[in-house]
Amino acid sequence: MSLKSYQTMVSGCHQFGAVRQLFSKRTKLFMNMLCAALLAVCLQVNANGLDGPGNLPLKNASLKEISLSPPVEIKGVVKDENGNPLAGVSVTVRGTKTGTQTNASGEYSLDVPNSKTVLVFSFVGYEQVEMTVGNRSQVSINMKQASAEMEAVVVSVLGFQQRADKLGSSNSRINATDVLSSGETGLLQGMAGKASGVSITRSTGDPGAGSNIRIRGANTITGSSEPLVIVDGIPISNTEIHGNGSSSVGTGVVQQSRLNDINPNDIESIQILKGASAAALWGSRAANGVLVITTKKGKAGKLKITYTSTYSFDEINRKHPLQKNYGQGAAGRYSATASTSWGDKIADRAGGDDVTTGAAYFLGYITGKKYATLASGSASNPHGGKNSTANYVDQNFDGIFGKGHYWQNAVSLSGGNDNSRFFLSLENLNQQGIIRDNSDYIRNSVRLNSDHSLGKYIKFSNKAAYINISSDRIQNNSNTAGLYLGLLRTSPDFDNTDYIGSYFDANGVEFRNRHRSYRRYRGDNVQPIYNNPYWTIFRQNATSKVDRFLVSSELSSNPIPWLELILRAGIDANYDKRIYFFPVGSAGERSPGSYRNEKISEVEKNLDLIGKASKNITSDLRGTFILGGNINDRQREILYAEAGNFLDDITLQNFVLSADANTHVINSIRHVSSNRGYSTLGLEFKDQLFVNLTGALEAASTIPKSFFYPSIDGAWQFSKIPALQNSKFLDFGKIRASWGKVGIQPLPYNSRTTYETAIYNAYDDGLALTNFGGGYRLDNAKGNDDLNPEIKTEWEVGADLRFWRNKIGLTLSYYQNKVKDILLNVSLPPSSGFTSQYTNAASLENRGFEADLKYEIFKKKDWNVQLFGNFNTNKNTVTSLSGTGTVDLTTQSVSSRAVEGYPLGVLWGPRALRNAKGGFALDANGFPQLDNEQGVVGDPNPDWRGGAGISASYKGFDFNILFETFQGGDISQGTKSVLYNFGTHADVGNEISLTEPLKNSAGVTFPAGTVVRGNVGNFGAGNVLLDESWYTTLGGGLGSTSIREFFVEDASWTRLREVSLGYTLKTPGFKNATKLSSVRFSITGRNLAIWTGIVGFDPETNQSGVNNGFGTEYFTNPSTRSWLFTLNVNF
Amino acid sequence: MKKLIIIISLIFIGTSCTKVYEGQNVDPNNPTEVNAETLLKGIQLANISVQASHIQRITGMWMNQYKGVILLYQGLGNYSISGEESNGTWQFVYQSIAKQASIIREKLPTNRSYSGISKIIEANALGTAAAIYGDVPFSERANNNFPVPKFDKQLDVYAGVQTLLDEAIADLTPVSASAVIANDIFFAGKSTTWIKVAYTLKARYYMETREYQKAYDAAKLGISATTLSWKFNPPALVADGDFNLLNTFIDQRGGYMSTTGSWLNDVLLKSGQAGNRNNAKTNEDARLKYYKITGTSANTELGVARKDAPMPLVTYEENLLILAEAGLRVVSFTEGLTQLNKLRGVLRTNLGLPAMPPTGGTILYTDYVAADFNPGGIENPGTLTPDKALMKEIVEERYVSLYGTIIPFNDARRLRKSDNDVNVPIPFTTSTATQHPERVIYAQNEINANPNVPNPVPNIYVKTQVNQ
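Residue numbers (my numbering), protein chains in the order written: chain A, 1 to 1131; chain B, 10001 to 10468.
FYI, nobody ran anything at the bench for these hints, they're computed from the structure. Using N, Cα and C, we set each Cβ at its ideal position, and we do this for glycine too. Among the clues, some could well be false.
[To be verified] If you anchor each label on the Cβ, the simulated ranges turn out as follows:
| no. | chain 1 | residue 1 | chain 2 | residue 2 | range |
| --- | --- | --- | --- | --- | --- |
| 1 | A | Ile992 | B | Thr10385 | 56 to 64 Å |
| 2 | B | Ala10274 | A | Ala1021 | 33 to 41 Å |
| 3 | A | Ser378 | B | Thr10385 | 44 to 52 Å |
| 4 | B | Asp10156 | A | Gly1003 | 36 to 44 Å |
| 5 | B | Ile10378 | A | Gly885 | 28 to 36 Å |
| 6 | B | Thr10385 | A | Ala1021 | 44 to 52 Å |
If we strip away everything but chain B, and leave its shape as in the complex, we get (with noise of 0.2 Å):
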């Protein structure tokens, strides 16, 4: 009995003891410290998500470039979105890159590489996030001390942006060309050439805030061959996970997007139909099929969306545009017509590719005269000014060679700003809409957990402060 009641009292007095669980806790299926340099391959593959997925598809289908054939791809080609669709997108920026980003840099406060081209990444993301929300966090982004970050003007991001990249061509500028970084999936860390993408996005983003004189500066230091081009190369290898972004996506989702109905397939690169690209000088046959999404069955596709076809991130033939466009407004009407003959010549080459591709087609590119551009030229076939033809096709010409990056939609919304006479006279994709989107809506997970997010939330109509 006595032998009893004892353990009873030490049974109840034995339990309910916390200190034998001591460790139990730690999770055994995930690590909690990893070397910080393990976290750079990630923050690129984000990257190639923000920068050519979901939403370069829908500013895609808005710049009348693919067409949403059906279901939710039908509804947001028609303006019709709501912010769910930005909720990766959204994450990828703040959480996937910048936080990461943030990670790398202060656990390897030493090492150069890491540093310039984590902030290259970080910058490239902002830098959309900025151009497609307008205003955003950056200030207090992916920061510990502000759980709920507030959102700077569009314009202070642009230029944190422009610092950050400042910063990247610092910290790259003393590492030798031949140090290589084995998690550098684009170009293994030739610092060399992670310069000339830094120029390149900053000249970038002074051509979104219209400072021309920087944009040639800077696109004068940027990428300087279609070897140098920061693109996305698929590996194709796996079945699924490393493919070409159309690839999957029309995999996955069969029949949701074309190219067939688009303007820019069906109308600008056709040849016969009206106000159509090719000339005496010109034939786009091959951009054309070279373009061409048919969009239901992935493993038939040859051009944009073959599985290893590469998907353009930022490119030579972006830098030539800029200088192109900002060499007429800031140089010379020669500047610019030299810099769009040298795009020309890019194209001339197997459409800037390392080889033809599959789709085949003609390609002709012949560079054009200043003759050209004079009215009747072959490129002027109305009364306008040289100058104002020759920024005309320069314009178009971005629209159709920056395809495949929200470039055409910054373009497009700049330039009805300041130049609609020269923008690309992009048709509605539905009868019934009367205003082209000047934004995208911001990520419904920040607007519910972020009482910063402007409020009430900017619908697609809302103009950003670059553009107001």
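So here's chain A without its partners, still in its complex pose (with noise of 0.2 Å):
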């Protein structure tokens, strides 16, 4: 390097101190440090003098040997355990930097000094190899994979591989095998329970159904919790986008994850980066933690060809249990029209059919039966005109839900020569949810990634893939056009079947396409007040159709050996079209008729140059310097129209359907840009210790000034330290801890209160401006112009440790953050003229501990047993809202909040009165009351996670089993409360008999022997009877008039997440006959068993969707557990 390079670099810090100038003081001092690392570097690269490569000054001990021996030319051929040579492998001459790679054949050739050269042969995801040359000329070696313990490797958040074992920070590494096996058609499902820290909560079991991923627990309140996601170097969309369509969060259908999106088959590995520190290049997006995902790459070599062929059967895995004992009606009353199945007990009947009266009636068009109108039961005859005994709880269910099934055909070719190689794959994936009709999801995918030499210094890699997705999917949660909720209100003695019919008055006047449900038996009004199942699932739509491509390259050089540069771009563009169908009678607002048509297009671009030198600064001391820019542009754009009140009963999905009064269109747009500087300084002394100081400064257009995100980490492999080098006991011993500092980003166009457009509601009465020749408010969300982004400063120490010749390999991390400057919308007094202030107002902190832990119990020629096991605990809590008294995360009766002083997302809802003594305050009858203020009613985070199996393998056959358990957070189960108060539960359909005198919560004694419908309950005032006059008022319902407190419980679960049993074929016989290189057969279950306390859905459902809330279930989808056979072929 010469003087005046020196120069231009100097002159570049000293430029940097222009722009210091924009930082706050403790961030200059930092700089600093990176402009003396910086030129601590250029100091001795100058005095090395390196100019180029071929001409190496070398300094060390060898020098005398070359200089007494004619160099030796040694060739050889490199294998990897199967006998596939193994190209790039690096083969280097111990002590210098004379090297060369092998090429697609795995052979190379090199000129050596002498004999008593040692050569080092690496690859990345391999054990080194060292060889002594001796006397031959000829040196082959086969290398084996480095297990996942043993010089594992990671990829970093810009994309460069790294040794696990040299790391400061926590990251947890899920193989892309792991996600495969899981059974999960996405990806984000199929990392459940691999890594401690991480949280995965699916929404529901719909097929391509989003879920909630959360790493450490909550970063931010309102804000969102999903983590960067970093697909080959690329930031990429993981948003799931609620949209205008589907009502309001928890209402409406599930949409979909974003990172769903990609194909798992090529994945090469899943990188999990927890802390701070390894995310702090990220800036203000890194909070919440960091995915780094890499796709497979081509392989030189013969083409190589993998088919993979899967073919699952999903059904449900958990049923609200109803009650078959009493009909439809109230007060012990056969009622036809009656919400509640409160009514008369149906063996009681007199049997046979219905006594039907008066000339108006419904005709079925499935059955083709007749419902004329049914009389209601009276205080002598309670069952009025109802006389069948029929009960159809089992096969209303049974109608809606049967076997789902998905195919997943996977191809791959992979293949290459030494300067190009690619990597070619193809997946067709068509599931078919449990619900039996329009919840589908099929995806498509074709990715080609390919890398190329272009000569000796250049290397240009593109990864581009192109994904096709439709899905209908199907309306649920608080929803009366969902379909949980209006066939679990259904009464018992009510058939779903005829679920669409002509209506005849009493003139004969016909109305067709009427939609009959347990509310309206005669169809004989357009609004069917809850939808019936079969309609839901029959008549209404809600697809989804996503383009979308991601495409990533890159441009590298290496110049000279120990510089390497970098020019990476990269686009993710997703169309997502979205259809919602109401047709004319469909429950709620959207009786009318309602076609929702939304069109979402996001276009993330992003841009890195990036500089990397390495290089030993003395024999023991190596240094790495980055240094990057970055430009990152996401656009978003929703266009919205809507149309109701159809002109006609049509099902054509056009906005010809209705008139021009009766659409409607919303448009809304989202640009944020952002450009990073970033720098990072990694030094390694004496290959033991380890330490990396990184550094970004960022500014976005979210944000008024610049922030500069900081960060350290360091690790020391004290299992080098020469008492501990020949320990029998510690094979390897890491200590590390790190700090680093990350931000999230304001949301958008929050800094100006604007004017809008309203709708008046009170309590679903709206009155909207636009209906009226439109107009304006001024918004009750007030400006802020003065946001900064949310700060989280992490600090986490921990251990790497491997004991007994690496059987055991186990990680322990603990960290502790703190998230200030929280940005939400804090409440204003409505009274002061705005509802709240979108602002920097909270914080909050976890504390965590996470372990992972692998023991091979024995590896033998056969057989190889091994237990693995990860452990987390997490504690939160919200330390400041600015007074804001609380902050919904969910918006339903019993909400997730912020509540200060309590972890983030505790329930809260309607509680029971409490007296002095804290024990309920019970009224005259001895029943509790409501207490008029509501409060904290659970809490949803666990107290502790962990996953734990064994993978094991005989021979040809592996079996692997994993179990994951969630202790100690609590649900607020929404469906069981309202089906309570319906009546249809089967915990309010017991019949007992008194054996002493109760009073029931209106005040009614019944003396012992009285045989009544309910259950004895005692709230700590003696024995009561529990009947509809409770379960109806406060011990059961909706809304905040009963005590949701009572429907909170424990939702601990365990459950067998996955077991799999699968037998390769690849012996050479086998290989020989067929010409394939092997076979795999193997059969997988899925979420097979739950162990918990709660009753009639699995625990891990949410209803809030991808949220922030959670802990919350009503009406939601069902969730699933499949059988899955795959057959994977490599030819």
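Take the two lone chains and join them into the complex the hints point to.
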């Protein structure tokens, strides 16, 4: 390096100084350190006088020997354990810079100084081999794949490969095979239970449904808790955009996670960077952790073809128990129009055909049956016109849910030569959900990854994928046109089969295509109140068609051996076309028909230019310096149009079906840009002590000033100290510590108060300004022009240990983080004229412990049994909300909230009134009363989570089992509460004979011996009768008029997440006979068993979907369990 | 090599620059400036919701005019209510009305029509808030200088509302009666009509503060014909968002609320029931039918919950009944009777509606004469004095005629304090109740964010200042 270039670099540092003025004082110090580090590298480089390859001044001990002997040419072939040639293996002369790489056939040739030369063969993912040349001219070796613990390679946030053993920050790696073996069609769900500190919560079992992923607890309150996802060096969209067409969060349909678009077969590895220090280079988007996903690369050599086919059978895994004893009605009397099933006892009915009256009737299209007016019960005849003793509970249920299945076919081709390699992959996934119709998910993806060497110094790689998804979803949750709501509220004596037909009024006038539901048994009205579930699945649509392009291109150059320059650019463009269609007669405000068409486009562009210099500064000190810049640009555009009040009962999904006055359009645009400069200085001392310093300076369109994100981490491999080096017990020991700062960007467009159009809706009776010729209202959210990013500061300590000849591997981490300046809509007193302001207001902290264990129980020639497990605990506390009482994360009557002094997400809702001693303040009848003030009723955060399993293999067989557990979190059971009120839950269908006189909540005393419908309860003042009067008031129901606290229960679960058995055929005889290299058959069970106290549904479901709120369930579509059969063929 | 280093340095320096993003954070989806005239319609719609939506229905159930049947409304009807139920209404009063009205007046300082109309609506909203919640923010409301407004005493709020109405009248008086304001969905800006509305509102609030002479005087200048009543006439043109609020509510919350089982429906108006209002001069058949809400099926509602049925805000009927009650109190028996008969005259003509409602029914409201109120007369079966008997009838007529507004709730509490002998004997909606509600609970959102909310938060049985 010439003096001139050195001066340029120094002047670069000075120019840096100009930028420094932007920084705060604290960050100046760090920048000075970075500048100093930069100078140190420059000086060292200058002193060594490196100017290019082939001109190596060598300063070590072997110098003498080299001068004494003539060079000898050594040739050889490097192969893997299976005898396949390995291309790209680095072969170097120990202690020098002399080296080469193997070609596509695994061959190399190298001139070495003499016979005492030691060759070092190294290749990422394989154990390093050292070999003395001796008097050989041929040195061929077989390299062994490194086990996960040994020399595990991780991918940094910038895309560089690093040895895990040298890192000061913790990270978890999930192998692609582990994701594939889960049997999940979505990448996200496939990661569940496989890494400590990573919690993945699915929203429902619907095909394609998104999942909530959270790393080390919550880091923000109302912002997104989703980690930053980087695929092949490019950040991609992982948002679940709720959009306008599907009501609010927690109602409507479940949206997809964009991360699930990626074909799991394409993935090489998934790296989860949990701590702040590993993520700090990504600045204000990295506070929730980073998922670094690397897709497969082509390998040189002969064409390798892999074909995988999986067929899965899915079924519902938990059902709500329903009663079959009592009919529709109230107060023990039958009523064909009642909402509840507190009617007559079905067994007491006369039997035979029902007695109908009047001329009006409904003609069912499915069975051709006629349904005329049924008289209600009376005091003398509680059954009214109802004679039939049939119950339809199972029939109604089984008509909706059946066996789901999917078939996934994936083919990949890989090959190439020294200069060009490619990986081509195709996938088709066709999933039909357990709901019998209109619940599906079809994914087609194609990927071509290629890399080329252009001459000696330049490499070019290109990774591109196109993904196409089409899916139809079923309405669920708090939604009168949803599936479960109508199904589970249906009275046991009502047959849902004839969901559609003609209504003939008393004059014989026919109304076609009427919707028949249990509350409209004659279809005499276009409004069914609640949907018949058949209508939900057969007549309504909620389709989503996604086109997605992911492209990542990288140009890298090694102009000199210690310097690498990378130019990386990428685009993630995805287009989601959604349609929601409710034909005339769907429940709720959509009864005149509703057609909603939404187009969502998201484009993210990213450009990085990175320089990386690595060099030995002295023989004991090695430095790596990275300097980079990034430009990122994200644009989202949503165009939404809806049409209501259909001109006729048309099912064509097009805007022709409404008059112009009944259409409505919403357009929303979002554009966020940012740029970053970043730098890392890594130092390795004696291959034992490792220190990394990083810093990123970022500016973004959403923040008025620049922000600086520093981090530092260090690791010490103490097992390398001489006293421990020959320990028979400890093979490897490392302690590590890290500290870092990361952020979360504010949402755009909050700096000014805007005007909006409004709907004035005090309780489901809105008046829309647009329907009155339009107008505006100053937004109730007050603008804020002084927004800063949320800042998370985290420190972490940990240890990585391996014992007994690497049989046991243990990783331990303890972390603490504080997040301050959390952005949220702080409630303002409405009387001030505004109801909220988006501002940096809150703070929270997390403390947690994580452990990952692997234990190789034994490893023999044919046998290999391994035990693995992970454990983590996270304690979260919302430390301040700046005086805002509580912040809603979800909006239902039991909501998940942020409450000062409590963990984020605590459940908040109607409670029972307490007396001074903390017991229930009971009324005169011995029943609890409703507390007028709501409060915390539960905490959905678990005390701890863990996963454990065994993987074993014997000859060609392999076996894998994984349990996962979640202990100590609560869930609010909204469905149960409402089904109690409606009288359809099995718990409220009991008939008991009283053994003592008991009072009910209305104060009526029932003498001993009375046979009543209900249960005996005791709230502390002796036994009471829980009957209709209790369950339909404070003891059940929705809204804030029942004591919802009673329906919050411990949601702890343990599940058999997956179990699989496979057999691989790759014997030489088989290979010869079939010309195939291997065939594997496997059978996998997914989610086969759950042990939990929660009845009726899988406590892992989450009503609010991909959202910070969790721990609530309300008519959420059910989860599934599956059996999968997989065939994998390698040609 | 040199070049590369320069490039790297330049990237680092050239990036992380905020200037390039100037202007990019301006919301492209919502305007930051609008003409203040466009805010008027919003405050008018918000006020409809304040006066005739959720809170009106709750008080109506407490007045036993509606019946809460299932789920939330069953609980609400049985006096079980939390602050959540007030969130919408409270926000509309302060954010959607008071705040917007202040912007209108700030940005249109010389436009008397906008100033006057906005003040009347604001006075109506705040007057309602004071009536149902008691002490509420008034002097520091919707003002950037007061981030946490204090709560003014209920009587001070009523006084402030009267001042606001006086100002509105002063603003509007010079405005030509033919001036047209297209953004006014009620009276198209007709100043003379708005002035009459303002006077009736003044009279309403004087009634609540028991200043009967002032009430009588104001009502004399108040609404003078059914055609001048302030009502929401739903266009009912679009699928939702412009319907009668009861109708929309029934459509979305079928079965929640009905009139079947209410005392007004099942007893007071129904012939044959003990204590019903029908007599030789009166047949409530048509009114019973018009007031009926089945509550399960929006599109079969034909009475007050029909999709385009008008919803009363401030009416000629109310004005007449203020003149009747206040007239009886401060003028004479004859004045009270005269005004009551005027009201009966209105009822004789299609129940005061532009045309006979499709619910049909018999109408009979013959004028009463003084003898009808003598002991033993048809309106005095017992031995009340004629004044008391007439008062009882006027009060009951207010309970029936002002159906659909919060006035029956205000009357019940006002009379319970001072004239409980003539009060309407409204039965409890649930057998376990022992007292009638005296207020609605403050909005939870205000409780959460404003330390000035009275602490402890008064429950529904705590009387407001004016009724203590």
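(message) Is 36 to 44 Å respected by the C-beta to C-beta distance linking Asp10156(B) and Gly1003(A)?
(response) This hint holds: roughly 43 Å between Cβ atoms.
(message) Between the beta carbons of Ala10274(B) and Ala1021(A), is the distance compatible with 33 to 41 Å?
(response) holds (38 Å)
(request) Can you let me know if the beta-carbon spacing of Thr10385(B) and Ala1021(A) is within 44 to 52 Å? (result) holds (50 Å)
(request) Given the range 44 to 52 Å, decide if the beta-carbon distance of Ser378(A) to Thr10385(B) lies inside it. (result) holds (46 Å)
(message) A range of 56 to 64 Å was offered for this pair. Does it hold for the Cβ distance of Ile992(A) and Thr10385(B)?
(response) Given about 58 Å between the Cβ atoms, the range holds.
(request) May I ask you to test the hint 28 to 36 Å on the CB atoms belonging to Ile10378(B) and Gly885(A)? (result) violated (57 Å)
Hint 5 from the earlier list is the only one contradicted by this structure; the remaining hints agree with it.
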